[in-house]
Amino acid sequence: MIQCKTSKEIGGMGHSMKRKEDDRFIHGKGNYTDDVKLPGTLYMDIVRSPYAYAKIKNIDSSEALKIPGVLAVITGKDLEQYNLHWMPTLMSDTQMVLPVDTVMYQAQEVAAIIATEKYIARDAREAVRVEYEVMKPVVDPFKALDADAPVLRTDKPDKKDNHIWHWEVGQKEETEKIFEEAEVTVKEQMHIPRIHVASIETCGCVASYDKVDNYLTMYMTTQAPHAIRTVFALVAGHVGLTEEKIRVISPDIGGGFGGKVPVYPGYVIAIAASFLIGKPVKWIEDRSENLQADSFARDYHITAELAGTKDGKILATRMKVLADHGYTDASANPSKFPTGMFSIGTGSYDYPNAFMEADAVYTNKPPGGVAYRCSFRVTEAVHAIERITDRFALEIGKDPAALRFQNFIKKEQFPYHSPTGWEYDSGDYEAGLKLAMKGVDYDNLRIEQAEKRKKGELMGIGLSTFTEIVGAGPSKDFDILGIKMFDSAEIRVHPTGKAIARFGTKSQGQGHETTYAQIIAEELGIPAKDIQIEEGDTDTAPYGLGTYASRSTPTAGAAAVMAARKLRDKAKKIAAYLLEVSEDDLEWEPGKFSVKGAPEKSKTIQEIVFASYTNHPQGMEAGFEATHYYDPPNLTFPSGAYICVVDIDSDTFEIKVRRFVAIDDAGHIINPMIAQGQVHGGLTQGIAPAMYEELIYDDDGNILNGTLMDYLVPTAVESPSWETGHTVTPSPHHPIGAKGIGESPTVGAPPAIANAIVDALKPYGITHLDIPITPYKIFKALKEKGVLDKNIVES
Amino acid sequence: MIPSTFDYTAPSSLDEALKLLHDFGDDAKILAGGHSLIPMMKLRFAEPEHLIDLNNIPGLSYLKIEGGMFKIGAMTREVETEESAEIAVHFPIFADVAKLIADPQVRNFGTLGGNLAHGDAANDQPAVMLALDASVEIAGLDGRRTVGIDDFFYGFYSTAVQEGEILTEILIPIPSGRSGNAYHKVERKVGDYATGGVAVHLEFDEQGICTKAGIGLTNVNPTPLRAVRSEAALVGTSLDDDAIASAAQYASEDCNPSSDLRGDIDYKRHIIKAVTKKMINKAKQRAFKN
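Going line by line, the protein sequences match chains A and B.
Here the first sequence is numbered in the numbering used here, starting from 1 and rising by one per residue.
Here the second sequence is numbered in the numbering used here, starting from 796 and rising by one per residue.
Here chain B stands alone, though its shape is the one from the complex:
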């Protein structure tokens, strides 16, 4: 558990960080909370020559509402999303998910931006972002661009954040009407990656008909997976038992889990089906709580 030799720089502005990143190119890695990168370095799975620490850069950590969007600075710690009363008004799902991410030490330091930019389908936040239909802002030396979450995850540890770029902000549309959301994962013990996890976000019209459904799945596909058929099975219905059963069934059929110590493919499909059903019900319950 001893990393290889590396250099360390802690710039004090985003521009400086981007310049360093540009200069070092492939040999550099960005350090946010460090709770994925540092363990990988200690195991020597990652051996970057340069670490560029974003922790001294002001203005990357915030929660704010602006233009119908909930905006979260990329360096916002998981614990801040877990404990924010502001975020909980529309997105109780953040408290669900944060509680299931590793342990308090990790959540106190790990960041939402790092969680996404790491590009690991086993992380929990990607599924939540899929369900919430988020987008992310990415900064480079040439300026900033916004990428929808569906275009963000490329593959294993690979995202839309290109060489020389830094993820700076997460944007989540605030639902105008009745809505509810929820996340749960089955894990072998606390802090484990998901055997399977499901994030559900639902919006309803005044008649109680589902107008929008977002369902993201954790760790059952090479990339974080949107359960498209499941979403479609819910929209336009009043979420009767049949609609929910179909959505759960589709999710279990459409995911592509691999067999590992957590379980075989059958078991994981079973878990996805069971948890999808539970989370749809929980999100629905939250939507109609008041």
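Pulled out of the complex, with its shape left as it was, chain A reads as follows:
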């Protein structure tokens, strides 16, 4: 069990304190971007392309402009006059704000309508006549590299093909040699499908430009308000919107999951419209626009290979990725990492050689590549290694749990240097898997499975023992557009001992208002309920890179600790002064300094804070404030051991997840209840791509499931009863030993589910199925194997 150092009253780390923010959310008092109502607001709607690839011959706005209440129809040609028709992506590629002559994907923005009401704007959208010359799009990423494929980015004068970049890491020659000589090699082609974060709140903004003060206030759905303000200043500085003239406010956010990191064209058009008209402009996407046009996640085609010995020792892995980026590279990765942290793909296993390479291509699909509840492509990497490891176990006829124990990096090997260059900070993989196997009663499940197989029943057991890599990141390696990936905390304690703390991150439902308060409570002994947490306003919060990639606790959480410790040092000096003893004579317990050997002589943190304003020692700065910008020395490496049990109906192939046991190791846990909630949500977002979600395009680049009727987001009905638990292996370099929890379940769950389903189908010679694995996909696979009629249907 988790030991708490503080009383329940103080509510430091380890207390399952109820979330402070929930009162307002439960009462419907959240303040989201669409709740921002400014006098004189105009509404923006967007005309979108019905075609994946087409020349724009003409845009006729005359009928739309006749509708009463329509003020303007903005096109790419209008923006071109201000050089605002293109903008940079976070990966230093370029993206259209509005097209001047060519649309590159279906649902791309073509023109924007500004009207006095949103209903009028939508009516006008129907009235704008756009003449297109349709061209044959490039949809298949493999064909994008064909010699005769049309070159999509003709805006780039030197571009002669659709190749974006090549990346590689590891020991190429050594790995090849091992593969040539190995007793056993296995190989599978996998697609990690294009999916969407589908957060409950769509994206939107209210851009409010004040012409008199030349000052822009931008309320928007962003996970990274400071970085976004910098981007806006870089894009619009030349028209006078410099960084001190821009205030980005990120109000409450209804889910981000990486989808609210990028700058979408809609934001920029709204700013341009407000800038030109001088009134607030509100733009809120509807659900279909959000699904069809906003950044996708994943879409990696991976050839995964593993070489090993007949008795199960892994010797090397090799992975080759084809990344479909859509028409521009608008991923949200740290600058030096075009594939993010894909190179974590050697997993939790100990072997000296690996080689990974990736090539990215342009296609006529929406741009993106955001880290959907994932630390930059870790999900793709974990899926590949966990699947190919199971494939290896299948090949040599070894139990996948036994194979994992045989190959795990051992507890005493940490810090562990991986063949792709990472230094894993800590871990105890054996402990996690043992706990998960005990929890699910693994041995008896295998016995039950053997009996069911005799009767032709389909039952599968799948494992995933993954290592995450989060908390980007150390400044030597990690930046976004040159800005180092530190994060910040500023603590200000008022004379009465209550506090406000501000951060460079931005919660989208993670519970920062509670967990950050608990971290500060742990360090200073001020009750967490007395600490107000504020994020998301660039005019008040210290600069930070925002919340995504499970980085808030590893970076800003650490910054809070460091700032609080600065204050505790100051408190000690004040306490020594007030008690008239030397600092060395004092001892600390949460909330109080007392004199060693004379515990009745003490000062509470509240008394000390009051003194800092009323009676501070001469020569000391008054007040009780501290700021810290935390540059992490290393990343953190959370891990997990997940076991999934599925039953598949042998007639309809409907898949039931009977059990799912998830043991996570996120180091020290700040609030167990919030951590468990994160795991539940994350696992559900893990079952989503494993069994339901995929953005599907036809050969003409039309999206076939651009609404929630066909883009299948699982609900409570599809979610099994999650069984969760923890092992605790603290991060040795993080000031409170925390590692981050938000993404592990989303990263670790899909391969456990896929492995379970493939395991259920093992008797029929199926070695791999791409996710999402649906009953229909199982039917097709069995039909292909020719086993349907004889073995299943008639049985």
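Quick caveat, the hints were computed from the structure, so don't treat them as lab data.
Watch out, some of these pointers could steer you wrong.
From the structure, some residues in chain A lie toward chain B, with a derived Cβ separation under 10 Å [said to hold, decoys possible]:
| no. | residue |
| --- | --- |
| 1 | V36 |
| 2 | A121 |
| 3 | R122 |
| 4 | D123 |
| 5 | D286 |
| 6 | T652 |
| 7 | M691 |
| 8 | L704 |
| 9 | T707 |
| 10 | A716 |
| 11 | T774 |
| 12 | F779 |
| 13 | K783 |
| 14 | V787 |
Here are the simulated lysine-lysine pairs, DSS-like style, with alpha carbons at most 25 Å apart [what the hints assert, rightly or not]:
| no. | chain 1 | residue 1 | chain 2 | residue 2 |
| --- | --- | --- | --- | --- |
| 15 | A | K66 | B | K837 |
| 16 | B | K984 | A | K656 |
| 17 | A | K410 | A | K438 |
Each residue gets a CB set at the ideal place from its N, CA and C atoms; glycine is no exception.
Starting from the structure of chain A, add chain B where the hints point.
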């Protein structure tokens, strides 16, 4: 997700509603539960100029037994059929089907009449009505008429309810002897339209011989489909495995599914076969439960 402009009227009597419908003609749409119409309007697939809301008209929502018939008012919410103990005595199939219609919010507002009058072969209730051999009452300015369910579904979004008419009641014959019924659909996730769905109603004589079989199929034909050959394969038998296998096979052969994201034609035929078999067995089991 913003509809076009429309007018809205909420009459307080059926006569008033029929008059409005007559006056507006083609430009008007009836609003019952709204859970098919409003999404279509929000997507601008439907752009009626007038909405005539039936929700303020008293006397259109009821469940009652009269003259050997179970009568259901057209404005009866799906949830009421789901939770009615009275209906469950003879028709446990209502609890089966209602649970599979969309989600609780939809069932709390969506109506049985709307479900049928929408004329969508993907809706679940049409197959159930086929299996139960229901009929519907339709009101117009000239009076009321009753149409058997087999004559009700014309085509895609098209039914026997003509311009100027309103569906008012659903009538289901109450079986006199031993009977059982059941519905299931395979769906990709909760709330989805059926990949394929099967409603089965069976009646038996005292010797356990099947005297009447009704089998309706969901979303595997342009209109809700009665599996005629499957029904015939069961009547007069004691529902041995061979009879059930034949019925399932016929259903899979006689349906006309189209290929879509839910699956190809082969898969849907396979599903119909598997679910037909399961539902015959389940209906039979219910019939002989006591």
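Status of the hints after comparison with the structure:
With a cut of 10 Å, the hint placing V36 (chain A) at the interface with chain B is violated, because the nearest CB-to-CB distance is about 19 Å. Nearest Cβ of chain B to the Cβ of A121 (chain A): about 9 Å, under the 10 Å cut. The hint holds. With a cut of 10 Å, the hint placing R122 (chain A) at the interface with chain B holds, because the nearest CB-to-CB distance is about 4 Å. For D123 (chain A), the suggested interface contact is upheld, since its CB lies about 7 Å from the closest CB of chain B, less than 10 Å.
Annotation: D286 (chain A) was flagged as interfacial toward chain B, and the flag holds, the nearest CB pair being 4 Å apart, inside 10 Å. With its C-beta approaching chain B no nearer than about 5 Å, T652 (chain A) sits inside the 10 Å limit, and its interface hint holds. Hint on M691 (chain A) holds. Least Cβ distance to chain B is approximately 9 Å, under the 10 Å limit. Below 10 Å, beta-carbon pairs count as interface contacts, and L704 (chain A) has one with chain B at about 6 Å; its hint therefore holds.
Restraint check, T707 (chain A) versus chain B: the minimum CB separation of about 8 Å is within 10 Å; hint holds. Hint status for A716 (chain A): holds, given a least beta-carbon distance of 9 Å to chain B, under 10 Å. Against a cut-off of 10 Å between C-beta atoms, the interface hint on T774 (chain A) holds, since the closest Cβ of chain B lies about 7 Å away. Annotation: interface hint on F779 (chain A) holds; nearest CB of chain B at approximately 5 Å, less than 10 Å.
Taking 10 Å as the C-beta contact cut-off toward chain B, the hint placing K783 (chain A) at the interface holds, the least distance being around 7 Å. At a threshold of 10 Å, the smallest CB-CB gap from V787 (chain A) to chain B is about 13 Å, leaving the interface hint violated. The straight-line distance between the Cα atoms of K66 (chain A) and K837 (chain B) is roughly 23 Å, inside the 25 Å bound, and the hint therefore holds. Under the criterion of a C-alpha separation no larger than 25 Å, the hint pairing K984 (chain B) with K656 (chain A) is consistent with the structure, at around 12 Å.
Between K410 (chain A) and K438 (chain A), the direct Cα distance comes to roughly 20 Å. Compliance with the 25 Å bound is thereby established for this hinted pair.
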